[in-house]
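Visitor: Listed below are the residues making up each chain.
Number of protein chains: 2
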Amino acid sequence: MFDTIVIGMGPAGLEAGIYLKRYGLNALVIGKDLGALALAKEIENYYALGKMSGKDLAVKGLKEATSLGVLINHQEVISIDYLDNGFSVKTTNNQYETKTVLLATGKSRNSFSLAKPYEGKGISYCATCDGFFYKNKKIGIVGYNNYMLHELNYLKPLTNDITIFTNGNELEVEVDNKVIKDKIVALNGEDKLESVTVGNEIIKLDGLFIALGSQNAFTLAKHLGLMLNKEDLVVDNNYMTNIPGIFAAGDVIGGMLQVVKAASDGARAAEAINKYLRGLK
Amino acid sequence: MFDTIVIGMGPAGLEAGIYLKRYGLNALVIGKDLGALALAKEIENYYALGKMSGKDLAVKGLKEATSLGVLINHQEVISIDYLDNGFSVKTTNNQYETKTVLLATGKSRNSFSLAKPYEGKGISYCATCDGFFYKNKKIGIVGYNNYMLHELNYLKPLTNDITIFTNGNELEVEVDNKVIKDKIVALNGEDKLESVTVGNEIIKLDGLFIALGSQNAFTLAKHLGLMLNKEDLVVDNNYMTNIPGIFAAGDVIGGMLQVVKAASDGARAAEAINKYLRGLK
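Protein chains in written order, with this note's numbering: chain C, 1 to 281; chain D, 1 to 281.
Possibly wrong hints are sitting among the right ones.
If several chains are the same, the list does not tell them apart, and a pair holds so long as it fits within one copy or across any two.
Within a straight-line C-alpha distance of at most 27 angstroms, the following computed DSSO-like cross-link-like pairs (lysine-lysine) qualify [what the hints assert, rightly or not]:
1) Lys41 to Lys90
2) Lys51 to Lys116
3) Lys41 to Lys60
4) Lys41 to Lys21
5) Lys156 to Lys51
6) Lys63 to Lys41
7) Lys60 to Lys222
8) Lys63 to Lys116
9) Lys55 to Lys21
10) Lys178 to Lys21
11) Lys121 to Lys156
12) Lys204 to Lys222
13) Lys181 to Lys107
14) Lys51 to Lys41
15) Lys21 to Lys107
16) Lys60 to Lys137
Calculated directly from the structure, the hints in this document are not laboratory data.
Model the full assembly from the supplied sequences, consistent with the hints where possible.
Guide: Structural data, given as C-alpha cells:
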C-alpha cells in the first residue's frame, strides 16, 4: 500500500513527488502526459528559469523528478474508489492501494458544457455511482477511449441498449455497441433529458454518461463526492478536500494558473500530507 | 511616484518584480543583497531546475529579472514612512515615493534575542517612534552601519548621552559618539531596562535602540505597526498586511521556507497588488 498516490505529472504533481520523497514517504506519481504546461508556447516568468517552451520545461521537470528517485508511472487513471483504510486507484493497466491521494490533474480543458443543464436530470459522470438507476433503460455514453470503455463495461450488465457517442473524436478502443461519431449539437428535454440531437437526427435517451477524454478532476470529484466551487476543487489551508485523505494542488484548485504557483502548491500539499500521515500513525 | 516598491531581491521579491512588470505596473525592486538563498549550499527541489548552489540560483534569478526589464536597485532600505497617499521609502542613497510596498525581506536572521524580555520596557526598534520618550536621557544604540547612523541622526537632537554598541561588529560609518565594540553579554533591570553588561563593565542606560544589521521585516513591522505572529508578518489571502497598501511575501510571512513557495508568494502578491491598484484608480 502506498502512502500517497499523486495523480498528474505537471509542475504540481512532480514537485509534490519530489517533496514526498524527501519526507521519506512511499509515493507514486501517475500521469498520462505532461499536462497543459507542455502545450504552452513559451514560459518566461518562472523564477530563475529564463525563457523556454512549456514542453522543454515539462521535460526538465520530469527528468529532475526521475533523477531524484521519484517513482513515476506513465498511465492513465480510470477510477478512484474508497477502501476501508484508504483508496484504490485503477489505471488502464494496474490497480494500486494508497492511504492518501493527491489530485494534481490540472484544469479540465475537456468539459462537455451541453451537459450542464441536465446534471442530475439524466446526465451522469460516474457509471458506478448512477448506473443502477438506468437498469434496462436506453442510455448513451459520450467518450472514445479507455475511460469510456471502463464506464461501458460497468454499464453493460445493466442494459442492452447502449449507444456510444464519440462526439467527433476517433474511437480508440473496440466496442460491440452502436457508435455515432458526429458531434452532439443539442440535448433536449423539459424537466429531464429526453433526447440528444446529432446532425439532423434526434435520438431518444433515458440517460447519458459523460466519459469524454480522460478521467479529470471534475468527473473524479463528482464520483468521490468532493466539493467544487464552479470547476475548482475546494481545499482547506492544508490542501485537503472535504474528504479526509484526498488532497488537491495546482490548477485544479483554481487561483493563478501559473507554473510557479502550481509547483508551490505541490510542495506545500506534500508537507501537509506528511503531517497528516505522521499524525495517523 | 512608483506603483509598488518591492523590498528584497530573493525569489519572492524578484518573482514579484517579474509579474508586476507583466501587469504593466511601475515597480522598483530594492535589495541590498541576494538574501538567504545565496547562502544555501545546494538546492535540488525547485521544480525543473536540477541541482545547483543557492548562489547560482539567486544569480540566475537576478539575471532573468533584469533581462525582462525589471527595475532593480542595489541599495539598503533604511526606513519606510507613511505619506498621505502612500509611502516614502528611504535607502542609503535615495528616497522614493510609492503607492504600495511589498515586503519580501526574507526571514530575519539577525535578531538580538537579549532584547526580548525588555521590549516596551526600555528597548526600542524605532527611533522615530520612541525617541521622544528618551529626551535628555542616557541611551544606547546597538548597531554598526548606515541603519544605525539613521537612528543616531534622529536621536542626536534629543539627548547628548548616546553610546554606540557595535556588539562585536566592525563599525562601518563614522560617528562622534562613544563607541563600545565588545559584545553585549547581558541586559539588566527589574521591571525595566537599567543597564547593559559588556565584558566586566556594567553601563547604566535608560533606553536601548536596536539597529543591528539591516532594517529587516521585524524592525520595519514594529515601526509601521504591522501585525506579527511571533516573527512572521501576518497577511490576509491577498498577501496584504493589516495596513492597506503594505503587502508581504516569501519567508517573511512564514510557512515553508522554500524557494518555490517564496517565488509563488511573490507572483501571487503581485497579482493581488495589481487588483488593489486597479481598484484604487
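Visitor: Determine for every hint whether it applies to the structure shown.
Guide: Evaluation of the provided hints:
1. Lys41 to Lys90: neither (32 angstroms within a copy, 41 angstroms between copies)
2. Lys51 to Lys116: For Lys51 and Lys116, the Cα distance exceeds 27 angstroms both inside one copy (39 angstroms) and across copies (46 angstroms).
3. Lys41 to Lys60: So Lys41 and Lys60 pass the 27 angstroms test inside a copy (15 angstroms) and across (22 angstroms) alike.
4. Lys41 to Lys21: Close across copies (20 angstroms), not inside one copy (30 angstroms); limit 27 angstroms.
5. Lys156 to Lys51: neither (50 angstroms within a copy, 51 angstroms between copies)
6. Lys63 to Lys41: Both. Shortest intra-copy (20 angstroms) and inter-copy (22 angstroms) distances satisfy the 27 angstroms Cα cut-off.
7. Lys60 to Lys222: Close neither inside one copy (33 angstroms) nor across copies (43 angstroms); limit 27 angstroms.
8. Lys63 to Lys116: Neither way: Lys63 and Lys116 sit 39 angstroms apart in one copy and 47 angstroms across, limit 27 angstroms.
9. Lys55 to Lys21: Intra 24 angstroms, inter 24 angstroms, cutoff 27 angstroms: intra and inter.
10. Lys178 to Lys21: neither (47 angstroms within a copy, 55 angstroms between copies)
11. Lys121 to Lys156: So Lys121 and Lys156 pass the 27 angstroms test inside one copy only (21 angstroms; across, 79 angstroms).
12. Lys204 to Lys222: within (25 angstroms within a copy, 71 angstroms between copies)
13. Lys181 to Lys107: Close inside one copy (26 angstroms), not across copies (59 angstroms); limit 27 angstroms.
14. Lys51 to Lys41: both (10 angstroms within a copy, 25 angstroms between copies)
15. Lys21 to Lys107: both (25 angstroms within a copy, 26 angstroms between copies)
16. Lys60 to Lys137: Close neither inside one copy (49 angstroms) nor across copies (62 angstroms); limit 27 angstroms.
This entry does not satisfy hints 1, 2, 5, 7, 8, 10 and 16, going by the numbered hints stated previously.
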